Amino acid sequence: MAIPVYMLGKESKYPFTGAFQVKESNSRCWIRASGFVAVSSGVRSAYLPARRVSAVVSKAAIAAFSEYDRYVILESIWEEVIQLSPTSLGKKGGTDLSLVIAVGDSKGINIAATGISGVWGKSAMTKSWLPMVPAKHPLLQTTGIPTTPLGSLHVSRPPTKIVATARSVSPVLPKSRELAARLGVERI
Amino acid sequence: MNQKQKVREIIQERLRIGKPIDNILLSLAERAPSTLIDIAIGLNPIGGEKITLALIPLLEQIEERIGNFQITELQFYQRLADNSEGAASELLEEIIARHYQQEWLIDISQQVEGLMAGYLHLSYIKDEDFFEEFCCKYAQKGMRRSLVSLASELGRIEPVLALLTDGNVEVGLEAAALALESNPRCGVIEHMAAILGPDIDLQLSSMIKKIQDPGVAKHIAELVHWYPRAKKSLQDLKRR
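So the sequence lines, in the order shown, correspond to chains A and B.
Just so you know, we're using this note's numbering here: the first sequence kicks off at 2 and counts up by one.
Just so you know, we're using this note's numbering here: the second sequence kicks off at 17 and counts up by one.
Treat the hints with care, as some may be off.
[To be verified] Pairs of lysine to aspartate or glutamate residues, derived as EDC-like cross-links and limited to a Cα-Cα distance of at most 20 Å, are as follows:
| id | chain 1 | residue 1 | chain 2 | residue 2 |
| --- | --- | --- | --- | --- |
| 1 | A | 14 | B | 252 |
| 2 | A | 11 | B | 215 |
| 3 | A | 60 | B | 182 |
| 4 | B | 225 | B | 252 |
| 5 | A | 60 | B | 215 |
[Unchecked claim] If you anchor each label on the Cβ, the simulated ranges turn out as follows:
| id | chain 1 | residue 1 | chain 2 | residue 2 | range |
| --- | --- | --- | --- | --- | --- |
| 6 | B | 158 | A | 147 | 25 to 35 Å |
| 7 | B | 146 | A | 179 | 24 to 34 Å |
| 8 | B | 145 | A | 171 | 38 to 48 Å |
| 9 | A | 135 | B | 234 | 43 to 53 Å |
| 10 | B | 218 | A | 161 | 16 to 26 Å |
| 11 | B | 145 | A | 154 | 40 to 50 Å |
| 12 | B | 80 | A | 182 | 39 to 49 Å |
| 13 | B | 255 | A | 89 | 27 to 37 Å |
| 14 | B | 158 | A | 60 | 36 to 46 Å |
| 15 | B | 105 | A | 60 | 52 to 62 Å |
| 16 | A | 80 | B | 156 | 41 to 51 Å |
| 17 | A | 179 | B | 158 | 21 to 31 Å |
| 18 | B | 131 | A | 161 | 24 to 34 Å |
| 19 | A | 84 | B | 145 | 37 to 47 Å |
[What the hints assert, rightly or not] To give a feel for the contact side, a few chain A residues facing chain B, derived at Cβ under 8 Å:
| id | residue |
| --- | --- |
| 20 | 56 |
| 21 | 57 |
| 22 | 128 |
Please keep in mind that the hints were generated in silico from the structure rather than gathered at the bench.
These figures come from a predicted structure and were not determined experimentally.
Note that CB positions come from ideal geometry on N, CA and C, so glycine has one too.
Looking at chain A on its own, in the form it has when it is part of the complex (with noise of 0.2 Å):
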């Protein structure tokens, strides 16, 4: 079953500017993915540069989930997104782009992410939220665009949620009801 996957941004009169998700599946695998481009550029012009990666990105996965392989689907994926005409991404090209993935099938899943500064999954067990990775850890310290396909962190217990806060966000989770809120969802 997919999980869902978000990005928080930064605290602001509209929160969700310059923010995209996808959502897309088939009868084997999954991608979930969220992020933030070109926040900076305001809300208007950061509407069609979200929209741009919004759609290359699920036009990769979609082309790619025939391989069945979460590895060449998120590879996929980033060879698209690295593609992307600066220009069409808002008034700093694509550098300040958060973009966290997630690909899973029955196997686990496989998280690929740039621009974050965390990454957090809530536990099946507890129901709390625990860093997927340390602080320093590589998929945390790319930023923007990527000039190749990045790696990422295969998870074979995975959680039921997964959070990642946007570079220009301090690597803290707020609690509960605020953290719902600021994703725009009822609970989480």
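Keeping the supplied structure of chain A fixed, place chain B upon it in accordance with the hints.
Coordinates of chain B only, in the frame set by chain A:
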């Protein structure tokens, strides 16, 4: 009969025979403000459209004095509006012009305009920085009709965003559709995504179904085609 009663009778008689009362009221405002306030909002006010219209030019003087009578401006105006009959809207316009930044205007607007509360006030402050703030305040008070009307008339996003932020999604979408019809480049779709989140296919589709003018379609096509349901609704709109 005391002096107050005499003055009251003179005013009532002049009103009855259709003679002006402006000079008497002016004189009272200067010399006997307590009598004037008593006539306006006392236990037994004269009331009626004519006296309210005659009081409007004297409001500044009255406001200077009402502090002495231990009533607030809001209390004074609520009582006066209660007895103003057909002049209540004119009174409200004058109050707005005098106090357009005051939050208590919301209460008096509700009293005078009913379901359209906020329409006159928001229209008056539409070019002020705090227009959006007051849109939100009226939305929080449930004053949806005025916000929908203003979204349509002004082609502005602030009334729409106030409704959406307050959780009035259906009415907000109606306002969004009307704002787009009035001003297709108002940016309401981008702001919807920034407030509601990126997954707005359903809301966008629902909003597009409320648009009557097919001419809007070409202006928003680039923003909508990313969302399958909304895209389909836009195609339906174009075919209308």
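So, going through the hints one by one against the coordinates:
{"no.": "1", "hint": "14(A) / 252(B)", "in the structure": "33 Å, violated"}
{"no.": "2", "hint": "11(A) / 215(B)", "in the structure": "18 Å, holds"}
{"no.": "3", "hint": "60(A) / 182(B)", "in the structure": "35 Å, violated"}
{"no.": "4", "hint": "225(B) / 252(B)", "in the structure": "8 Å, holds"}
{"no.": "5", "hint": "60(A) / 215(B)", "in the structure": "16 Å, holds"}
{"no.": "6", "hint": "158(B) / 147(A): 25 to 35 Å", "in the structure": "49 Å, violated"}
{"no.": "7", "hint": "146(B) / 179(A): 24 to 34 Å", "in the structure": "27 Å, holds"}
{"no.": "8", "hint": "145(B) / 171(A): 38 to 48 Å", "in the structure": "31 Å, violated"}
{"no.": "9", "hint": "135(A) / 234(B): 43 to 53 Å", "in the structure": "52 Å, holds"}
{"no.": "10", "hint": "218(B) / 161(A): 16 to 26 Å", "in the structure": "25 Å, holds"}
{"no.": "11", "hint": "145(B) / 154(A): 40 to 50 Å", "in the structure": "47 Å, holds"}
{"no.": "12", "hint": "80(B) / 182(A): 39 to 49 Å", "in the structure": "46 Å, holds"}
{"no.": "13", "hint": "255(B) / 89(A): 27 to 37 Å", "in the structure": "30 Å, holds"}
{"no.": "14", "hint": "158(B) / 60(A): 36 to 46 Å", "in the structure": "43 Å, holds"}
{"no.": "15", "hint": "105(B) / 60(A): 52 to 62 Å", "in the structure": "56 Å, holds"}
{"no.": "16", "hint": "80(A) / 156(B): 41 to 51 Å", "in the structure": "48 Å, holds"}
{"no.": "17", "hint": "179(A) / 158(B): 21 to 31 Å", "in the structure": "26 Å, holds"}
{"no.": "18", "hint": "131(B) / 161(A): 24 to 34 Å", "in the structure": "46 Å, violated"}
{"no.": "19", "hint": "84(A) / 145(B): 37 to 47 Å", "in the structure": "43 Å, holds"}
{"no.": "20", "hint": "56", "in the structure": "6 Å, holds"}
{"no.": "21", "hint": "57", "in the structure": "11 Å, violated"}
{"no.": "22", "hint": "128", "in the structure": "24 Å, violated"}
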